[in-house]
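Asker: The primary structure of each chain is shown beneath.
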Amino acid sequence: MSYIDAENLVKRYGAGEAAITAVGGVDLGIDKGEFVAIMGESGSGKSTLLSMLGGLNSPTSGRFLVDGVDVYALTSDERADFRKRSIGFVFQNFHLLPYLTLAENVMLPLAIVKMGKKQKLSAAIDALARVGLPGKATRLPNQISGGEQERVAIARAIVNHPPIILADEPTGNLDTHTGSEIMKLLTALNHEKITVIMVTHSNEYAHHARRLIRLSDGRLADEGTVLRRPESNGIKSDRTQKRRKAGRKEKSLT
Amino acid sequence: MTLKNIVISNLRRRKARALFVLVGLLIGVSTVVGLISLVKEMKNDMKHKLEMYGANILIVPKTENLSLTYGGMSLGGVSFDMQEIRQEELTKIKTIKNAANVAAVGPMVLGPITVGGHRILLAGIDFTAAQILRPWWSVKGKIPTREDDIIIGSDASRIIGLTVGDTVIVRGRALSVTGVLEATGSQDDGLIFAPLASAQDLLGKQGRISLVEVAALCSGCPIPAMVKQISAVLPSGNVMAIQQVVKGRMETIGHFQKFSYGVSALVLLVGCLMVLVTMMGSVRERTVEIGIFRAMGYRKSHVLRIILLEAGIVAAVAGIAGYFAGLGATGLLLPLFTEGQGHTAVSLDPVMAAAAFFASILLGIVASLYPALMASRLDPNEALRAL
Numbered sequence: 001m002s003y004i005d006a007e008n009l010v011k012r013y014g015a016g017e018a019a020i021t022a023v024g025g026v027d028l029g030i031d032k033g034e035f036v037a038i039m040g041e042s043g044s045g046k047s048t049l050l051s052m053l054g055g056l057n058s059p060t061s062g063r064f065l066v067d068g069v070d071v072y073a074l075t076s077d078e079r080a081d082f083r084k085r086s087i088g089f090v091f092q093n094f095h096l097l098p099y100l101t102l103a104e105n106v107m108l109p110l111a112i113v114k115m116g117k118k119q120k121l122s123a124a125i126d127a128l129a130r131v132g133l134p135g136k137a138t139r140l141p142n143q144i145s146g147g148e149q150e151r152v153a154i155a156r157a158i159v160n161h162p163p164i165i166l167a168d169e170p171t172g173n174l175d176t177h178t179g180s181e182i183m184k185l186l187t188a189l190n191h192e193k194i195t196v197i198m199v200t201h202s203n204e205y206a207h208h209a210r211r212l213i214r215l216s217d218g219r220l221a222d223e224g225t226v227l228r229r230p231e232s233n234g235i236k237s238d239r240t241q242k243r244r245k246a247g248r249k250e251k252s253l254t
Numbered sequence: 001m002t003l004k005n006i007v008i009s010n011l012r013r014r015k016a017r018a019l020f021v022l023v024g025l026l027i028g029v030s031t032v033v034g035l036i037s038l039v040k041e042m043k044n045d046m047k048h049k050l051e052m053y054g055a056n057i058l059i060v061p062k063t064e065n066l067s068l069t070y071g072g073m074s075l076g077g078v079s080f081d082m083q084e085i086r087q088e089e090l091t092k093i094k095t096i097k098n099a100a101n102v103a104a105v106g107p108m109v110l111g112p113i114t115v116g117g118h119r120i121l122l123a124g125i126d127f128t129a130a131q132i133l134r135p136w137w138s139v140k141g142k143i144p145t146r147e148d149d150i151i152i153g154s155d156a157s158r159i160i161g162l163t164v165g166d167t168v169i170v171r172g173r174a175l176s177v178t179g180v181l182e183a184t185g186s187q188d189d190g191l192i193f194a195p196l197a198s199a200q201d202l203l204g205k206q207g208r209i210s211l212v213e214v215a216a217l218c219s220g221c222p223i224p225a226m227v228k229q230i231s232a233v234l235p236s237g238n239v240m241a242i243q244q245v246v247k248g249r250m251e252t253i254g255h256f257q258k259f260s261y262g263v264s265a266l267v268l269l270v271g272c273l274m275v276l277v278t279m280m281g282s283v284r285e286r287t288v289e290i291g292i293f294r295a296m297g298y299r300k301s302h303v304l305r306i307i308l309l310e311a312g313i314v315a316a317v318a319g320i321a322g323y324f325a326g327l328g329a330t331g332l333l334l335p336l337f338t339e340g341q342g343h344t345a346v347s348l349d350p351v352m353a354a355a356a357f358f359a360s361i362l363l364g365i366v367a368s369l370y371p372a373l374m375a376s377r378l379d380p381n382e383a384l385r386a387l
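Note that the protein sequences, when read in sequence, are chains A and B.
Residue 189 in this note's numbering is what sits at position 189 of the first sequence, and the numbering runs on without skipping anything.
Residue 353 in this note's numbering is what sits at position 353 of the second sequence, and the numbering runs on without skipping anything.
Keep in mind the hints are simulated off the structure, nothing from the lab.
Idealized CB from N, CA, C, for every residue including glycine.
Warning: the hint list may mix true and false statements.
Capping the alpha-carbon separation at 25 Å, the derived lysine to any residue pairs in SDA-like fashion look like this [what the hints assert, rightly or not]: (1) A:32 to A:136; (2) A:32 to A:139; (3) A:136 to A:65; (4) A:117 to B:13; (5) B:4 to A:65; (6) A:117 to B:43; (7) A:117 to B:142; (8) A:32 to A:65; (9) A:118 to B:43; (10) B:43 to B:281; (11) A:117 to B:11; (12) B:142 to B:127.
Pair ranges (Cβ atoms, derived) [stated by the list, open to error]: (13) A:204 to B:366: 29 to 35 Å; (14) A:2 to B:370: 39 to 45 Å; (15) A:16 to B:382: 54 to 60 Å; (16) A:201 to B:324: 18 to 24 Å; (17) B:8 to A:20: 29 to 35 Å; (18) B:269 to A:202: 53 to 59 Å; (19) B:301 to A:19: 30 to 36 Å; (20) B:8 to A:202: 27 to 33 Å; (21) B:366 to A:60: 18 to 24 Å; (22) B:8 to A:193: 55 to 61 Å.
A few chain B positions that, by computed beta-carbon distances, are all more than 10 Å from chain A [to be verified]: (23) 1; (24) 3; (25) 10; (26) 136; (27) 201; (28) 289; (29) 295; (30) 297; (31) 302; (32) 335; (33) 380; (34) 384.
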């Protein structure tokens, strides 16, 4: 059993003939400390799958377990507590609250945690320093660049030290250089044993992951291992991997 | 960073929305406070005027004929030749349940005398009680201090030709005029007033009383109940409340009070609707934000608290501001409703201030409950995709 287990996850919207299957039976196992990229065309079900992995979107059927806990068997409050404890979200549009300073934005997950005021501020400043934004705690989101906003979003995701980070197109609104910086940041976090699951459209950024999952029409089209080769930034195709590892569904070559 | 910090920061940023909610509640609270204060102050004004008015209960002997009016008010059936009240019975008035409300008891004996060829009414009164019962009296000269001193009404003074310092012989007794009443516009102008005991001697009515005036402190005192209590201890007297004018005025205030409550309820309802609509708009505007909160692990109750705390803070400010606005409006309007006379000062009422404060918070929270529940029940995934 993996740290994260999705068992035949299905998500349908609507009912009857008008029903649309966004995710149609996905089986997935992710080990602790893995860096997984989920790719696919628009409408392939990537974001729906990510939201289900984040405990935000109840599946129509199937089970989703994290560390042996059936997340969707929990009550709404228990699931909220699970998200607070275990998940850090990084959104494509950053989703920073414009009326809060950077430090306050980073402290948002701590607002519902019993901690001293100074401890919270210290944690936020530490998180901002980790993402390379020391000394900007009192600025407002509109006073920094898009890349910096994404860093703040990452700082907010890690401030309460969750074991899992879910990133939905974290580089979608950034230029190539800034996107690469963000990917390096996520890779660095992964090196700290944080499990990172990232949805991306970009092959270039997907190579930072150690495993690539490709979705098509809500189903796993390909699940292979990405060879991280920083010198070439190359990614071996999943089909090649499949051919090489015939008979084996999945193998890590790290 | 706490939920309170989030709320306060959000209020600072969305000032226009906060102001809209504030204005909605402020109008409601200030209207209610204003109307209630106005009614209260009008009643106070009425009380003040009643106290200035003097006697408000009359006791006359029971009779079945000969009507008489006194001071422009009906005294019921009174005959000077009929049986009178016995003076010693008046002590019983001090024994009634509401005796503490009795400010003064003014016995009066009335009888005709002849002075200088003119038939005139002599009134024997207690001059100490008269100062409470007739606060409007203005005497040129002095109030009688001796048994043989009298004061005389302005008309009587003019017609008979008596003035301060004159002596008049009545039934063989020399009486000194120590004062002349300024014109009062009442029957007092045509009377001669002597100390009660002297008048009783002159009229041959020792120990007997023609009528009794009672001044009751009116604020909250039950005049009808007092009338019943006095009737019970003075079975020979016919006890009446002089409250025709007062009653009419109080009824008007009563109608105004009912109308005020109706208007207040309506204004509060409109205020609540304003809060409801504004908070619904605020929740819709903040759908993504709520999605972010939920994604971070905020429970439904946390979202509910954020929305209700926001409404509560604005409502608390509206409660305080509404109280003072209402009080200010009362201060401006009161002279118009009291014809610029009597008691027109508006006083701070801590109880009403506290009531306005807490009622405003309660209304703000109740009006925001549905939007808050709507926000807390937002599907986090749908909320995040709402952008």
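Asker: Hint by hint, say whether it matches the structure.
Answerer: Evaluation of the provided hints:
1. A:32 to A:136: violated (32 Å)
2. A:32 to A:139: violated (35 Å)
3. A:136 to A:65: Not satisfied, since the Cα-Cα distance of roughly 38 Å exceeds 25 Å.
4. A:117 to B:13: It holds: about 22 Å lies between the C-alpha atoms, which stays within 25 Å.
5. B:4 to A:65: Measuring from Cα to Cα gives roughly 34 Å; hence the hint is violated.
6. A:117 to B:43: violated (53 Å)
7. A:117 to B:142: violated (79 Å)
8. A:32 to A:65: holds (13 Å)
9. A:118 to B:43: Answer violated: residue 118 of chain A to residue 43 of chain B is near 56 Å, above 25 Å.
10. B:43 to B:281: violated (43 Å)
11. A:117 to B:11: Holds, at about 21 Å.
12. B:142 to B:127: Status holds; Cα separation ~11 Å.
13. A:204 to B:366: 29 to 35 Å: violated (55 Å)
14. A:2 to B:370: 39 to 45 Å: At roughly 44 Å between Cβ atoms, residue 370 of chain B and residue 2 of chain A fall inside 39 to 45 Å, so the hint holds.
15. A:16 to B:382: 54 to 60 Å: violated (20 Å)
16. A:201 to B:324: 18 to 24 Å: violated (59 Å)
17. B:8 to A:20: 29 to 35 Å: violated (42 Å)
18. B:269 to A:202: 53 to 59 Å: holds (56 Å)
19. B:301 to A:19: 30 to 36 Å: holds (33 Å)
20. B:8 to A:202: 27 to 33 Å: violated (40 Å)
21. B:366 to A:60: 18 to 24 Å: Violated - the Cβ-Cβ distance for residue 366 of chain B and residue 60 of chain A, about 38 Å, lies outside 18 to 24 Å.
22. B:8 to A:193: 55 to 61 Å: Distance hint for residue 8 of chain B, residue 193 of chain A is violated at roughly 37 Å.
23. 1: Residue 1 of chain B not clear of chain A: closest Cβ-Cβ about 4 Å, inside 10 Å.
24. 3: Since the minimum Cβ distance to chain A is about 6 Å, residue 3 of chain B lies within 10 Å and the statement is violated.
25. 10: It is violated; residue 10 of chain B is separated from chain A by about 6 Å at its closest Cβ, not greater than 10 Å.
26. 136: With a cut-off of 10 Å, residue 136 of chain B remains clear of chain A, as the shortest Cβ separation is near 66 Å.
27. 201: Answer for residue 201 of chain B: holds, closest chain A Cβ roughly 90 Å.
28. 289: It is violated; residue 289 of chain B is separated from chain A by about 6 Å at its closest Cβ, not greater than 10 Å.
29. 295: violated (5 Å)
30. 297: The claim breaks: residue 297 of chain B does not keep its Cβ more than 10 Å from every Cβ of chain A (closest is about 2 Å).
31. 302: Non-interface label on residue 302 of chain B violated, nearest chain A Cβ at 6 Å vs cutoff 10 Å.
32. 335: Residue 335 of chain B clear of chain A: closest Cβ-Cβ about 46 Å, beyond 10 Å.
33. 380: Label violated. Min Cβ-Cβ 5 Å, cutoff 10 Å.
34. 384: violated (7 Å)
The structure shown violates the earlier hints numbered 1, 2, 3, 5, 6, 7, 9, 10, 13, 15, 16, 17, 20, 21, 22, 23, 24, 25, 28, 29, 30, 31, 33 and 34.
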